[in-house]
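Visitor: Chains as they are written, first to last, in the working numbering: chain A, 276 to 980; chain B, 276 to 980.
Check before you lean on any hint, since a few could be wrong.
The list treats identical chains as interchangeable, and a pair is accepted whether it falls inside one copy or across any two copies.
When the alpha-carbon atoms are kept at most 30 Å apart in a straight line, the in silico DSS-like pairs for lysine-lysine are as follows [said to hold, decoys possible]:
| no. | residue 1 | residue 2 |
| --- | --- | --- |
| 1 | K839 | K964 |
| 2 | K839 | K915 |
| 3 | K813 | K972 |
| 4 | K691 | K314 |
| 5 | K927 | K839 |
Derived from the structure by calculation, the hints contain no laboratory data.
2 protein chains.
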Amino acid sequence: MDRLEFLFNPKQVAVIGASQSPKKIGYAILYNIINSGYKGIIYPVNPREPEINGQPCYCTIKDIGKPVELAVIAIPAAGVNRVARECGEAGVKGLVVITAGFKEVGIAGNKLEQELLSICREFGMRMLGPNCVGLMNTHSPLNASFANGFPSLGNISFISQSGAMLVSILDWSFEMGLGFSSFISLGNKADLNEVDFIESCAGDPNTSVILCYIEDVTNGDRFVEVCSAAARNKPIVILKSGTSTAGAQAASSHTGALAGSNRAYDAAFKQSGVLKADSMNELFDLARAFSAQPLPRQPRVAIVTNAGGPAIVTTDAVEKNGLQMARFTKPTIDLLRANLPPAANIYNPVDLIGDARNDRYHFALDAVLKDDNVDSALVLLCPAAVTEPEETAKTIVELSNYHKGKPVMAVYMGGKSLQAGKNYLTKNGVPTFTFPEPSVRALKGMIEYAGYKYSPAAPVPVILSDIDQAGAKTVINQVLADRRVVLLGHEASMVMSAYGIPASHSHLALTEDEAATIAARLGLPVALKVSSPRIAHKTDVGGVEIGLHSEAEVRRAFNRIMEKVRYFVPDAPIYGVEVQNMVDDGVEVIIGMSRDIQFGPLIVFGLGGIYVNLLEEVTFRLASALNTRQAVEMMIAETKAYTLLKGYRGKKPADINALVDVMLRSARLVTDLKQITEMDINPLRVHQKGVTALDVKITIEEKAH
Amino acid sequence: MDRLEFLFNPKQVAVIGASQSPKKIGYAILYNIINSGYKGIIYPVNPREPEINGQPCYCTIKDIGKPVELAVIAIPAAGVNRVARECGEAGVKGLVVITAGFKEVGIAGNKLEQELLSICREFGMRMLGPNCVGLMNTHSPLNASFANGFPSLGNISFISQSGAMLVSILDWSFEMGLGFSSFISLGNKADLNEVDFIESCAGDPNTSVILCYIEDVTNGDRFVEVCSAAARNKPIVILKSGTSTAGAQAASSHTGALAGSNRAYDAAFKQSGVLKADSMNELFDLARAFSAQPLPRQPRVAIVTNAGGPAIVTTDAVEKNGLQMARFTKPTIDLLRANLPPAANIYNPVDLIGDARNDRYHFALDAVLKDDNVDSALVLLCPAAVTEPEETAKTIVELSNYHKGKPVMAVYMGGKSLQAGKNYLTKNGVPTFTFPEPSVRALKGMIEYAGYKYSPAAPVPVILSDIDQAGAKTVINQVLADRRVVLLGHEASMVMSAYGIPASHSHLALTEDEAATIAARLGLPVALKVSSPRIAHKTDVGGVEIGLHSEAEVRRAFNRIMEKVRYFVPDAPIYGVEVQNMVDDGVEVIIGMSRDIQFGPLIVFGLGGIYVNLLEEVTFRLASALNTRQAVEMMIAETKAYTLLKGYRGKKPADINALVDVMLRSARLVTDLKQITEMDINPLRVHQKGVTALDVKITIEEKAH
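Given only the sequences and the hints, what does the whole structure look like? Please build it.
Guide: Here it is, written out as structure tokens:
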């Protein structure tokens, strides 16, 4: 906890609002600190109490007259800011403001919170809260919260934007035998937020895994920056709620959280090496896995079982989660064959059959963990007449400790008869499950994280040549001067050209005759597209005709377009029709951009064409991360478009290098020009050699940048 | 248990292999029957024991000299068939063969098992097993198994193809407070299989929900027939394992590659109203939901909570599972506003805030359950200072009983401090969870099942006119006579025509000149496709050219095709090139068929074209179920193709009626002609009026039908 020592490990703590009355929160906090075994000096502060717990009680913090590092404030909201100023004047370094009644209650509360923040800034104090449960550190130890209980010693840090969830998890952790290094209730995040604590926990030697429950991220850029670095060091698992439309509504009525779009969070997590938990169960399953077991090097899983059915269920889960069933080496198979009964299955899953005692488990688990083709092991045990669940638990712990580099988990399928064994396993750091599927999912999370942790650090960003930022800006400024927000086709083409993105030639024809002349110049066949600042989806209103092979066809198409467009959108101003040479070879992809309020420009890539929204075969990244060839290549490889680009069903491969270049340039474009609010290059056709942006839509707005 | 009374509720039970030695399985079985409180007569049979438990022991079953309904056999495999015959001769109605060493050990065991089955058939006995744990019925009561323990009385029947899983679940059920009506260990399913027991449990008044763990289905047709009827009566939830690698056959058609036996099981489950559990947790979560709560009428969920964060997580889960957050009526909102504190959220989720005691829960839960816009309720509770988990549990049970038609579930987020409340809820039939997501998933399963249960019974199958089965057979027989298994284009067209499926005109050209002549006759533009019995994917080898607008183009294309095909597949016999008129309007869909070994012909429908395998936007049904307009329409509506067919982005709607007709005819075709092993109509173009099968691939084999 390098940066926030005064919060997690203060030399002195003042409890402002400390109370003798067990009904008061100030009572709970004071006694929580005392009972947690806190080794520093505690100062109760309350003008209405002469002494508490045999200690003198101070009227104000300034009356203490000695240094105080941390003050926990639990008095009514109206008095908090006055007290905070006194803390500042007394040289306090950190505040934990438990008191509610700030931003979460509306405008007046928000004003109060802004004042409180200013006071902190004025005195250089850092603050947790307001409106929080407090924080706990089992290693100092310190329980500066009003929660009922103190977690067992462990290496998991849990950062929660919901106080109730923190209290729930604390209560639940005892029966799970789960140990924690710290619990942090974020409250309103007026000053310190999730990123500060992720950073702090990343530097804490007592923390091995960082769990978060968050409803929003305060600063997208800092989140990505801090997590990207922290996740190289230890796993960060986040349950982000408010991910659905309905959930986001609930979020905004709850803490006034601005829920960023799902896609942006997914992209940000992926790019930062953050694991996203899809459920509360998954969050804690991953916590258990990471807290005690090493990371697997590869996804090859061995299963050792005393029953067939559960092993099949587990095998299904292995495949469903994209892991692999390990294939044992010959020596392992020979060893198993020589030592297990004939009815046993010596291939993976190793079935020791129903009469297996501990010795058989010991032999088989040791054999498979020794095998170079095995990266992790799952041990399944069902209660049968001769099963030895406790002895087997000891075996699993022993072998898990012995074979250090390979994670081992246990699935003890049953209840009472296996409880002692389960407890032993849990206590000794082997994550233990009742049913197989969650264990496999946890293993999958470990593999995913290992992929990030051991990936080479980000290489140097690509330097793009021939970027004419000024030229692109000129086009945009002209459009803004024209009081438009959508670029016309030829304007968008100019922006593309300025950033070195090949776009198809497109020329505006005002009349049928002009269209014919331009077509002749470009060479047949051509496509015609209506040009209007008010028509976003040209195809939908009959504004596009393709594959025009003769002058007569061009003329007829021009007139048809004009006729249809005037019929469907009679009020739209029509600038003319754009004549474009036809490009119909190559793979159709989309490159697009939308801006996320938290994370900035978000790039989409995937299968293009008119069905892009129907198929949704796309993937997202923050533009900020698309500045290396590797990052772009990984993004492309994630999509079904990649299958086409590599050459699908006998087709020659498409020019992925050129595509990568265009994606780099697109990311650069939307990063440079913040006036661009949305962009669609759809389709971009990727040929065997080179690419062509066939239809480019750019929407802009005036911005002060 | 109407049909299998002699198994579940026999008047007499003989235990063959009964023993005094606690190490013997025959000991466990005998004492399990005695200790379960079995009210009928028990006969121990063992030639080596004079008496057991103060009862005379019989040498053979024939020595009993009185009627015996059920015999449980637990002697070494070698003696089983002799003993089974004696049972038959003694007039026994049912056998439970515990003994292992049959089919599961290989060829010799399989032979033994077949003999055993013959003996049963000879005497009209029915048999459970061999190689099983036995069966239990808590209502008779009868524990005819060697499992350690007897389940609590309840209304869940669990049928398991894995004995170990059954024993595990039994052990686990005690700590979950889960009650069962029966446990059935299927063993090798030599005679009685999952379908027999589903049928029997469906008729059992003590069973409300049927759970199965199965690894395969013995008879697909019977499974569908029995489950379709049984599921109208009570929910059937199945965890089917072995879903992973199973169906990886080398199939030459798109449909075959897409199918795999997974799809067949999914389709069969869907059509039979069977719920598929994706994990063991889900299997039992659904069991708990169904066993005690009524079915919701619609998917509108109300949430009542004392904490915001967990409510957002729950709201996310509601949306993710396709359920809806209920929108309360005005009277409900007014009522909540008038009676809850101002800081409470009176919209859904109803947040009673952290200081809510039982009274607030009572008031709010009653209010929302009364609301006509609410179909189900989830009650969330986090431990806070004044929370009353036990009183609130009583409230939830009381209101759940009072508001009869609406399911209520509880999420008690925490551990020890909530345990008493959790226990009360569980005991009184309110499914209770620690985290929210599984409760929502269970609710989703209930909605899904309600959809089946209350759907109108299948209407009368459509009568299709103009089916020339004989004509189609003639074509197929000619191809078989020619020793080919793949129909050429024009042959496939003839089969289509015989079944009234419009196919594009296609004529074989042997030379460039013939191609030109046919093209002129059909009218330009045309498409050319190579005709060869050995080329499955014509596009992949350059065997297809489309959009040929002039005679010159047709001639060039003919030569290019010949050249490429000879280059890529030099050994393939080339019959010529098929000339087809171009049809390029309409929505491209695929209708395909592959045969599943268990479930027969499986129809695929979805987005067609060359990317069908890439996109996998398809859905499956058993052909047998596609004999009504409604069934076909539901299948179409499930896919993204439906969005296109309805008219996507300004396009006019396609002729869905014509498509339905073709799907009905396709299902009929593959049902009638069992020689057809695989079929692809891809693409079928659905026009504004009518449809055209553009490319039809039919694979056949000689069959005795």
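Visitor: With reference to the structure, classify each hint as holding or not holding.
Guide: Against the structure, the hints come out as follows:
1. K839 / K964: Between copies only: 22 Å across chains, 36 Å inside a chain, cut-off 30 Å.
2. K839 / K915: between (35 Å within a copy, 28 Å between copies)
3. K813 / K972: within (11 Å within a copy, 37 Å between copies)
4. K691 / K314: between (40 Å within a copy, 29 Å between copies)
5. K927 / K839: Between copies only: 14 Å across, 39 Å inside.
Checked against the numbered hints listed earlier, the structure breaks none of them; every hint is satisfied.
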